[in-house]
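**Q** Residue strings, one per chain:
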Amino acid sequence: MPDIDGKVFEILKKEYEKPVMSDQAVIEMKRRIEQGKKEKRMMSNKQGWAIAAAALLAILILLPNISGSVAQAMESIPVLGGFFKVVTFRDYQYEDERNIADIAMPEITIEAGENNAITGVGKKTADDINAEIRDITNKWVEKFKANLEGEGYQSIKIDSEVIATTDNYFTIKLTCFYAAGSGYEENHFFTIDLNTGEKVELADLFKEGSNYKRIISENIKEQMRARMAADDSIKYWIDNEEYPEWNFEEITDDTSFYINENGEIVICFNEGEVAPAYMGIVEFTIPHDAVADILK
Amino acid sequence: MKLFTPSGGLIYGSILEEVKSFHRMKKQDGKEAIVEKTILNKYNSYFRMAMSFVHNEADAADIVQEGAYKAIKNSGSLHYVEYVETWVFRIMMNEIYRRLKSREIRSIDDEDFTDLQVVDNLENIDLMIALESMSDKDKAVIQLKYFEGFKLDEIAYILGENLNTVKSRLYRGLKKLRCELEDVEIKGG
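Going line by line, the protein sequences match chains F and E.
The opening residue of the first sequence carries number 1 in my numbering; numbering runs sequentially from there.
The opening residue of the second sequence carries number 1 in my numbering; numbering runs sequentially from there.
Calculated directly from the structure, the hints in this document are not laboratory data.
Hints are supplied without guarantee of correctness; some may be wrong.
[As the list claims (entries may be wrong)] Facing chain E, according to a computed beta carbon distance under 8 Å, are these residues of chain F, among others:
id, residue
1, K7
2, I11
3, K13
4, M21
5, D23
6, A25
7, E28
8, I33
9, G36
10, K37
11, E39
12, M42
[As the list claims (entries may be wrong)] Derived EDC-like pairs (lysine to aspartate or glutamate); straight-line CA-CA distance at most 16 Å:
id, chain 1, residue 1, chain 2, residue 2
13, F, K85, F, E161
14, F, K37, E, E66
15, E, K145, F, E10
16, F, K37, E, D126
17, F, K38, E, E148
18, E, K37, F, E186
19, F, K14, E, E148
20, E, K101, F, E149
21, F, K7, E, E66
22, F, K157, F, E186
These numbers come from a predicted model, not from an experiment.
C-beta atoms are modelled at their ideal positions from N, C-alpha and C, and glycine is treated no differently.
Sequences and hints are given; from them, build the entire structure.
**A** Put into structure tokens, the structure is as follows:
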């Protein structure tokens, strides 16, 4: 049997290299690249850049105060309020030609502390939240598994982040991202009162009988109108005469929120809740002044 | 209730988090640029690979366009920028297989050999047919190695197979080409 010398591959390669993409096809490819870029940006958090820019400014001012060792310590898992710890305890990973799953599920654990009353309440709170997180995660993983046999591409990513914000509260944010053709992101927030060990609902922050839902909602509507007036590309479901039934009316008991590092309440809406889906996750920080009178 | 008294230490912590996410985002943007550059440098390689399977310019262009769109859109999940070339190629190969699969379902037509008519002598036709008669993945291994210059472990990544499988595909493919050469020599001699 003769050896294949370089010449054979030269001949074959010459044939192989004949096809060249037409200019028109290249233009269409570039258009698709731009489309991909645009859709990728929509998937990521719209406000990310503003936060990052603000953070950069802050770090420039504060940098001298942060030594290397301080920075390192902050990367390890803090014990929150003396007894809560958040660990990632289950990972579901899957990858084949068309499907990718990357699931990191958080779980709240309790450090055996001195204060037994709070530890007891904290344990129950942790169990409840863990169960809720498990349910949400399972729902997404099942959806992913159900689509494994399908024709298309899909990817799913569940991740979490602790937003340890004030001495009094911390929030776990669970981010679920599902992509099949287009992307869909959904956030869930769980806030715990570090003084009582209890899960915080929005109503818990306000005086009994105060109409906090209306007051917060009116503030959100003001912000929506201001943002839409300032930027044509921003759109919320408000003052829409064509489809008045879509218009944002009022937050509910199920509306997500967390408390940011300034102690302000931030209201979060998932995709499509109060704006067209392309707006992605939408957040409104409620200024202190707007709710000062009704806070507990 | 001390709702509005943030703790200093935790502020540093959250700022660090934000700076980290800023760097993450910067890195993301860098990845997108690298993926785009790679596509713009290599689109004819993808196109040729697609042509060798679908034998139809419109379909091949469609594969490259769809693959480019998916690569850019998912450029955030490129873990190691140094593997960008194999990463994009893998997406393109998946696109090719996807197309072949849906075509198989439709019908098996005879257009597959039409582009061989440009071959100008008999020996080349036999070699081309030998290459063409290999299984899709055997052919891909030969083409990626000898025409695109990838190493075997890179080919394994592109095809999503383990190295030993790729090696046996290579040997099987080379054997087929050798047999073809032998036939040509016997006929010719």
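**Q** Each hint: holds or not?
**A** Hints, verified against the model:
1. Hint status for F/K7 relative to chain E: violated, with the closest Cβ pair at about 10 Å, above 8 Å.
2. Hint status for F/I11: holds, given a least beta-carbon distance of 6 Å to chain E, under 8 Å.
3. The criterion of a C-beta within 8 Å of any C-beta in chain E is met by F/K13, whose closest approach is roughly 5 Å, and the hint holds.
4. Hint on F/M21 holds. Least Cβ distance to chain E is approximately 4 Å, under the 8 Å limit.
5. Using the Cβ-Cβ criterion of 8 Å, the hint placing F/D23 at the interface with chain E is not satisfied: the shortest such distance is roughly 11 Å.
6. At a threshold of 8 Å, the smallest CB-CB gap from F/A25 to chain E is about 4 Å, leaving the interface hint in force.
7. The beta carbon of F/E28 is positioned within 8 Å of a beta carbon in chain E (closest approach about 6 Å), and the interface hint is therefore held.
8. Because the closest C-beta pair between F/I33 and chain E is about 5 Å apart, less than 8 Å, the hint holds.
9. For F/G36, the interface hint holds, since its Cβ comes within 8 Å of a Cβ in chain E; the closest pair sits about 3 Å apart.
10. For F/K37, the suggested interface contact is upheld, since its CB lies about 6 Å from the closest CB of chain E, less than 8 Å.
11. For F/E39, the shortest C-beta to C-beta distance to chain E is roughly 5 Å, which falls under 8 Å, so the interface hint holds.
12. Restraint check, F/M42 versus chain E: the minimum CB separation of about 10 Å is more than 8 Å; hint violated.
13. A threshold of 16 Å between alpha carbons decides the hint, and for F/K85 with F/E161 the separation of about 12 Å falls inside it, so the pair holds.
14. Note on F/K37 and E/E66: the hinted pairing holds, with a Cα-Cα distance of about 13 Å set against a maximum of 16 Å.
15. For a cut-off of 16 Å, the pair hint linking E/K145 to F/E10 stands: about 13 Å separates their Cα positions.
16. Simply put, F/K37 and E/D126 have alpha-carbon atoms about 44 Å apart, too far for the 16 Å limit, and the pair is violated.
17. For the hint pairing F/K38 with E/E148, the CA-to-CA distance comes to about 31 Å; that exceeds 16 Å, so the pair is violated.
18. For the given pair, E/K37 sits about 32 Å from F/E186 by alpha-carbon distance, which is inconsistent with the 16 Å threshold.
19. Of the pairs offered as hints, the one joining F/K14 and E/E148 holds, with about 12 Å between alpha carbons and a cut-off of 16 Å not exceeded.
20. A C-alpha spacing of about 14 Å is found between E/K101 and F/E149, which places the hinted pair at or below 16 Å, so the restraint holds.
21. Restraint check for F/K7 and E/E66: not satisfied, since their Cα atoms lie roughly 35 Å apart, outside the 16 Å limit.
22. Distance restraint check for F/K157 and F/E186: the Cα-Cα separation of roughly 11 Å lies within the 16 Å cut-off, and the hinted pair is therefore satisfied.
Taken one by one, the earlier hints fail for this structure at numbers 1, 5, 12, 16, 17, 18, 21, listed in ascending order.
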